[in-house]
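Peer 1: Just remember that my numbering sits 28 ahead of the position in the sequence shown, which is counted from 1.
Any given hint could turn out to be false.
Stated by the list, open to error - 27 Å max Cα-Cα, derived DSSO-like pairs, lysine-lysine:
id: 1; residue 1: 260; residue 2: 183
id: 2; residue 1: 296; residue 2: 191
id: 3; residue 1: 143; residue 2: 260
id: 4; residue 1: 149; residue 2: 191
id: 5; residue 1: 191; residue 2: 293
id: 6; residue 1: 143; residue 2: 66
id: 7; residue 1: 143; residue 2: 296
Said to hold, decoys possible - DEER-style ranges, computed between Cβ atoms:
id: 8; residue 1: 310; residue 2: 223; range: 15 to 25 Å
id: 9; residue 1: 95; residue 2: 169; range: 21 to 31 Å
id: 10; residue 1: 130; residue 2: 191; range: 20 to 30 Å
id: 11; residue 1: 81; residue 2: 128; range: 34 to 44 Å
The set of hints was computed from the structure by calculation and includes no laboratory data. Cβ coordinates follow ideal geometry from the N, Cα and C atoms, glycine included.
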Amino acid sequence: MYLYLNGEFVHQKDAFISPFDHGYLYGLGVFETLRVYKGHPFLLDDHLERLRHGLIQLNISYSIDREMAENIINELLQLNNLQDAYVRINISAGEEELGLSANPYVKPTVIFFMKDIHLPKNQQKEGRFLTIKRNSPEGSFRLKSHHFLNNMLAKREIGPNPKVEGIFLTEEGYVAEGIVSNIFWVHNNIVYTPSINTGILNGITRQFVLECLRKLDIPFIEGFFTPNELLKSDEVFITNSLQEIVPITNIGNHHFLGQAGNVAKQLKDLYEKSRQHLYSRHQL
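Based on the sequences and whatever the hints tell you, model everything.
Peer 2: Shown next, in the form of structure tokens:
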């Protein structure tokens, strides 16, 4: 596959970065993952907005707008002969001397990865509470950054089964998020989801789903919830930009509606109608 690296389109076998990149040495980097549907980069503006906030937090000086990002993505689609694709935009601090730096990073490493994506339609998953707790954000809010050890340890805990999603709890015992997802549940026709004040990542699909709920006039509450409150629900689903909206069939012996869940079905229908033309949740 071809990728974009610092202004050039190169084959993956010819792509190299410096061992002195502070993204490698100190984990200073942020990334976004998004889907391209028939050539359209869904919610690209929202991803770029979050990327900009992350770059500011990491003191990385770099600016990218929709036109530039879309031109890069379109060129990669042609080079890789794809219409539907997974895209990862990765920006790290770039090459500097050894040692922690308080100065702005002005020569970042910019990479657009792309690969084909084939996910089963109407997939469902089992949820499983993790014993490892969700770590707290390194800064004032959680970045989609290179600091992924907490997630990796959680993935090792549940194993390689793609039909299982681990569910983090906070140190205080509140429901947080999945290993690579945000979580929602429905009880008495109200949708519940953890607040970002629990320290979770404010997922782009999470934000889009909240806009969908407003448009559908479905009430929702963001807050701090215990596992028992989650287990009382009728339907549970998780969200992320690659897998979209995925119903959870069960958590242990507690079973939910899965694909039969009415709220998840409404959201999936609206998602499918939107994904080939929206650049932002604000256009819904």
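Peer 1: Next step is simple, just say for each hint if it's right about the structure.
Peer 2: Going down the list of hints, with the structure as the test:
Of the pairs offered as hints, the one joining residue 260 and residue 183 holds, with about 26 Å between alpha carbons and a cut-off of 27 Å not exceeded. Taken as a hint, the residue 296 and residue 191 pair is honoured in the structure, with Cα atoms around 19 Å apart against an allowance of 27 Å. Distance restraint check for residue 143 and residue 260: the Cα-Cα separation of roughly 39 Å exceeds the 27 Å cut-off, and the hinted pair is therefore not satisfied. Distance restraint check for residue 149 and residue 191: the Cα-Cα separation of roughly 13 Å lies within the 27 Å cut-off, and the hinted pair is therefore satisfied.
Of the supplied pair hints, the one linking residue 191 and residue 293 holds, its CA atoms being roughly 19 Å apart against a limit of 27 Å. Proximity of residue 143 to residue 66 is assessed by CA-CA distance (about 14 Å); at most 27 Å being required, the pair is judged to hold. With a C-alpha separation of about 24 Å, the suggested pairing of residue 143 with residue 296 holds against the 27 Å cut-off. Between residue 310 and residue 223 the C-beta distance comes to about 21 Å, which sits within the given range of 15 to 25 Å.
For residue 95 and residue 169, the Cβ-Cβ distance of about 28 Å falls inside the hinted range of 21 to 31 Å, so the restraint holds. Checked against the hint of 20 to 30 Å, the C-beta distance between residue 130 and residue 191 comes to roughly 46 Å, which is inconsistent with it. A C-beta distance of roughly 22 Å is found between residue 81 and residue 128, which places it outside the suggested range of 34 to 44 Å.
Hints 3, 10 and 11 from the list above are not met by this structure, while the remaining hints are.
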